Amino acid sequence: MDRTVNHGATESALQLLERIEKELLKTPNWKEFSTMFSIFAMESIERRPTSALLTNTMRSLLKFAVDKYAEGQDIETFKKGFYEKIEEVKVATVRSVEKLSDIGARWLPDGSRILTHSYSTSVIKIIEKGNRLGKIKEVFVTESRPGGEGVYTAELLSSLGIKTNLIVDSAVNYFMGEIDFVLVGAEAITAHGALVNKVGTSQIALSAYKRRTRLIVASGTYKFSFESMLGDRIKVPFLDASSLEIPQDLLKLDNFAVSVPLMDVTPPEFIDAIITEIGITSPEGVPILLWEVYGGWIGSQPDIKDLINKLRNIS
Amino acid sequence: MISNNVLQIAEDIKTMKIRGAGAIAIAAAEAMKQAALTYNGEKDSFIEYIREVGKLLLRTRPTAVSLPNAVFYILKRIDSSSEDPVKATISIADEFISNVKNAQLRIAKYGSKLISDDMVIMTHCHSSAAVSVLIEAWKEGKRFKVINTETRPKFQGRVTASILTKEGIPVTHIPDSSIRYHMSNVDLVIVGADTVTSDGHLVNKIGTSILALAADEADVEFYSACESIKFSPASFAGGHIIIEERSAEEVLGEHKDLLDKRGMFVRNPAFDFTPPEQITGFITEYGILPPRASLLLIKYVFGLSSGEMQMRLLEEEP
Numbered sequence: 001m002d003r004t005v006n007h008g009a010t011e012s013a014l015q016l017l018e019r020i021e022k023e024l025l026k027t028p029n030w031k032e033f034s035t036m037f038s039i040f041a042m043e044s045i046e047r048r049p050t051s052a053l054l055t056n057t058m059r060s061l062l063k064f065a066v067d068k069y070a071e072g073q074d075i076e077t078f079k080k081g082f083y084e085k086i087e088e089v090k091v092a093t094v095r096s097v098e099k100l101s102d103i104g105a106r107w108l109p110d111g112s113r114i115l116t117h118s119y120s121t122s123v124i125k126i127i128e129k130g131n132r133l134g135k136i137k138e139v140f141v142t143e144s145r146p147g148g149e150g151v152y153t154a155e156l157l158s159s160l161g162i163k164t165n166l167i168v169d170s171a172v173n174y175f176m177g178e179i180d181f182v183l184v185g186a187e188a189i190t191a192h193g194a195l196v197n198k199v200g201t202s203q204i205a206l207s208a209y210k211r212r213t214r215l216i217v218a219s220g221t222y223k224f225s226f227e228s229m230l231g232d233r234i235k236v237p238f239l240d241a242s243s244l245e246i247p248q249d250l251l252k253l254d255n256f257a258v259s260v261p262l263m264d265v266t267p268p269e270f271i272d273a274i275i276t277e278i279g280i281t282s283p284e285g286v287p288i289l290l291w292e293v294y295g296g297w298i299g300s301q302p303d304i305k306d307l308i309n310k311l312r313n314i315s
Numbered sequence: 001m002i003s004n005n006v007l008q009i010a011e012d013i014k015t016m017k018i019r020g021a022g023a024i025a026i027a028a029a030e031a032m033k034q035a036a037l038t039y040n041g042e043k044d045s046f047i048e049y050i051r052e053v054g055k056l057l058l059r060t061r062p063t064a065v066s067l068p069n070a071v072f073y074i075l076k077r078i079d080s081s082s083e084d085p086v087k088a089t090i091s092i093a094d095e096f097i098s099n100v101k102n103a104q105l106r107i108a109k110y111g112s113k114l115i116s117d118d119m120v121i122m123t124h125c126h127s128s129a130a131v132s133v134l135i136e137a138w139k140e141g142k143r144f145k146v147i148n149t150e151t152r153p154k155f156q157g158r159v160t161a162s163i164l165t166k167e168g169i170p171v172t173h174i175p176d177s178s179i180r181y182h183m184s185n186v187d188l189v190i191v192g193a194d195t196v197t198s199d200g201h202l203v204n205k206i207g208t209s210i211l212a213l214a215a216d217e218a219d220v221e222f223y224s225a226c227e228s229i230k231f232s233p234a235s236f237a238g239g240h241i242i243i244e245e246r247s248a249e250e251v252l253g254e255h256k257d258l259l260d261k262r263g264m265f266v267r268n269p270a271f272d273f274t275p276p277e278q279i280t281g282f283i284t285e286y287g288i289l290p291p292r293a294s295l296l297l298i299k300y301v302f303g304l305s306s307g308e309m310q311m312r313l314l315e316e317e318p
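Protein chains in written order, with the working numbering: chain C, 1 to 315; chain V, 1 to 318.
Honestly, the hints are just simulated from the structure, not real lab data. No experiment lies behind these values; they were computed from the predicted model shown. Among the hints, erroneous ones may be present.
[Unchecked claim] Taking lysine-lysine pairs in the PhoX-like style, the calculated list, with each CA pair at most 20 Å apart, reads: (1) C:LYS90 <-> C:LYS135; (2) V:LYS87 <-> V:LYS33; (3) V:LYS101 <-> V:LYS33; (4) V:LYS14 <-> V:LYS43; (5) V:LYS43 <-> C:LYS137; (6) C:LYS252 <-> V:LYS261; (7) C:LYS163 <-> V:LYS261; (8) C:LYS63 <-> C:LYS79; (9) C:LYS235 <-> C:LYS63; (10) C:LYS252 <-> C:LYS310; (11) C:LYS305 <-> C:LYS63; (12) C:LYS26 <-> C:LYS85; (13) V:LYS87 <-> C:LYS163; (14) V:LYS166 <-> C:LYS252; (15) C:LYS79 <-> C:LYS22.
[Said to hold, decoys possible] Partial chain V-side listing against chain C, Cβ under 7 Å, derived: (16) ASP44; (17) HIS255; (18) ASP272.
Positions of the beta carbon are idealized from the N, C-alpha and C atoms, including for glycine.
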């Protein structure tokens with residue numbers, strides 16, 4: 001299976017930035033840089049089309065390159081600036097996680113019994129900091145098939161001495177009565193406040209909603225998706241049968257197929273609050289925060305496909 | 001004296017040599033029949049004797065649901081029979097065994113009427129009753145698709161997928177986490193049952209309740225294919241259904257060394273409860289029953305007092 005599946009969106013984006021530094025900064029001229037970067041950008045977005053963090057990061061880097069080329073900057077000066085820009089994005093991302101986890105840990109009630117799903121850097125940070133404040137009673141973690149990232153989350157949390165209960169994905173409704181709230185990360189948050197996250201999130205949210213148990217999302221504003229405001233639909237990637245380790249004798253049968261979506265969409269009415277690095281908001285507050293962060297109407301953000309095309313035309 | 005072959009059946013039920021709701025029910029009825037066949041005491045004390053046999057059987061697996069149902073099905077009918085009690089026991093036991101054996105055929109007949117061409121039907125875990133409904137509909141020439149869950153931790157969904165595809169039914173296998181994702185394409189859900197309570201709750205394989213909830217949200221009909229022996233008279237008398245929590249190893253598999261971490265636990269319940277308001281109906285061999293009318297079936301088949309008798313017996317010192 002693709003390794004990117006096993007990481008949270010934040011971790012994947014940081015790894016991608018390191019690859020850009022390693023590979024793109026070696027290019028000797030604008031032509032090679034722009035060719036390589038446009039392919040790189042296309043591929044990484046196609047690989048994880050749901051990740052708003054990745055798209056947003058790529059957009060800002062593409063815009064930087066297109067602008068600097070238009071200004072007539074020479075490649076060596078540009079590369080120095082580009083490196084600094086990447087470092088800046090990395091630092092900002094890490095700082096955002098720190099800030100939102102401070103806010104999240106402050107918000108956590110005493111004696112919290114939390115259910116989380118899959119693997120999220122932000123969620124783990126909040127629980128880790130909450131535990132230092134003595135606020136965590138126990139955590140329930142789903143396996144999160146396909147991929148099973150929940151096992152990794154359970155390993156991390158239990159290593160911190162936090163009482164961690166690993167459960168199968170289908171048991172979420174069974175345990176909903178034993179927890180105080182659900183805390184999950186985000187792959188993306190759409191402009192109308194829907195959450196795109198690891199598959200399974202939406203049925204946890206449904207179960208929580210039914211029981212009037214709160215669902216809290218930990219997500220930096222860098223995961224808010226502009227594209228959704230421009231009418232783009234979320235394309236959920238699908239994995240193949242190997243992601244479920246299906247035995248050969250079953251796999252070879254006629255009439256047998258699998259359907260393994262990697263993500264699902266949780267509607268805003270199931271979400272109680274979103275913890276961001278600038279504060280806690282409701283799903284309806286997403287456009288307000290977008291305005292706050294980007295200083296205006298989000299329609300003014302450049303389209304990422306236009307930027308890639310502009311980059312391609314550099315010769 | 002209770003004969004050796006009766007004691008042997010009781011022992012086989014107790015040691016789980018005989019397992020599965022249907023097999024246990026049939027074995028218990030067979031034991032009652034054998035007890036009647038080998039009875040050589042006074043005619044007047046037969047009723048007392050056959051009740052003792054019933055108690056002996058009940059104590060072998062105090063939490064099984066089909067076992068007391070077999071016993072009470074027979075005891076209830078001996079009481080109201082005009083026949084000689086010994087002969088009555090034998091014929092009632094035979095009738096019960098034949099009912100249990102035919103139950104799935106009748107369930108398949110009733111259930112298949114719910115299925116029409118081009119439907120997408122979701123199922124969970126492995127239930128031979130639910131599978132029999134699907135196969136019957138397919139044999140009647142209806143053409144539909146099935147979506148079936150893996151059913152962690154033991155992957156019983158793979159058994160279902162294998163049986164259905166071999167019949168020619170197209171199956172799409174999905175992880176349990178994607179039940180709600182796929183529900184928007186589903187027309188009908190059919191699952192099995194472990195136990196049904198007197199107020200219409202379904203106890204079934206873990207995950208059933210999230211399936212029902214997602215079906216309810218998407219306005220999809222949700223049925224449980226369920227033999228009458230799965231209905232619990234004891235729940236009418238206030239008896240609790242205890243959900244078994246199974247081993248950590250079942251979930252962890254190759255990761256079982258994680259249990260060495262000081263904070264690490266695994267919670268592995270085998271079943272969950274689905275409330276009656278999320279169930280369209282129980283497909284039983286007596287017909288399709290609205291869930292809140294479960295008590296009617298319990299009254300008809302086992303008698304309302306059977307639960308009370310069972311609970312008292314469990315509360316007595318052995």
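Consistency of the hints with the structure:
1. C:LYS90 <-> C:LYS135: 30 Å, violated
2. V:LYS87 <-> V:LYS33: 9 Å, holds
3. V:LYS101 <-> V:LYS33: Within the cut-off at roughly 16 Å; holds.
4. V:LYS14 <-> V:LYS43: 30 Å, violated
5. V:LYS43 <-> C:LYS137: 65 Å, violated
6. C:LYS252 <-> V:LYS261: Violated, at roughly 39 Å.
7. C:LYS163 <-> V:LYS261: 10 Å, holds
8. C:LYS63 <-> C:LYS79: At roughly 14 Å apart (the allowed maximum being 20 Å), LYS79 of chain C and LYS63 of chain C satisfy the hint.
9. C:LYS235 <-> C:LYS63: Status violated; Cα separation ~24 Å.
10. C:LYS252 <-> C:LYS310: Cα-Cα ~47 Å, so violated.
11. C:LYS305 <-> C:LYS63: The hint holds at about 11 Å.
12. C:LYS26 <-> C:LYS85: 16 Å, holds
13. V:LYS87 <-> C:LYS163: The given pair, whose Cα atoms are some 61 Å apart, is violated under the 20 Å limit.
14. V:LYS166 <-> C:LYS252: Roughly 11 Å separates the two Cα atoms, so the pair holds.
15. C:LYS79 <-> C:LYS22: 12 Å, holds
16. ASP44: 51 Å, violated
17. HIS255: Holds - the Cβ of HIS255 of chain V comes within 7 Å of chain C, reaching about 6 Å at its closest.
18. ASP272: Check passed: Cβ of ASP272 of chain V comes within 4 Å of chain C, closer than 7 Å.
Against the hints set out earlier in the document, violations occur for numbers 1, 4, 5, 6, 9, 10, 13 and 16.
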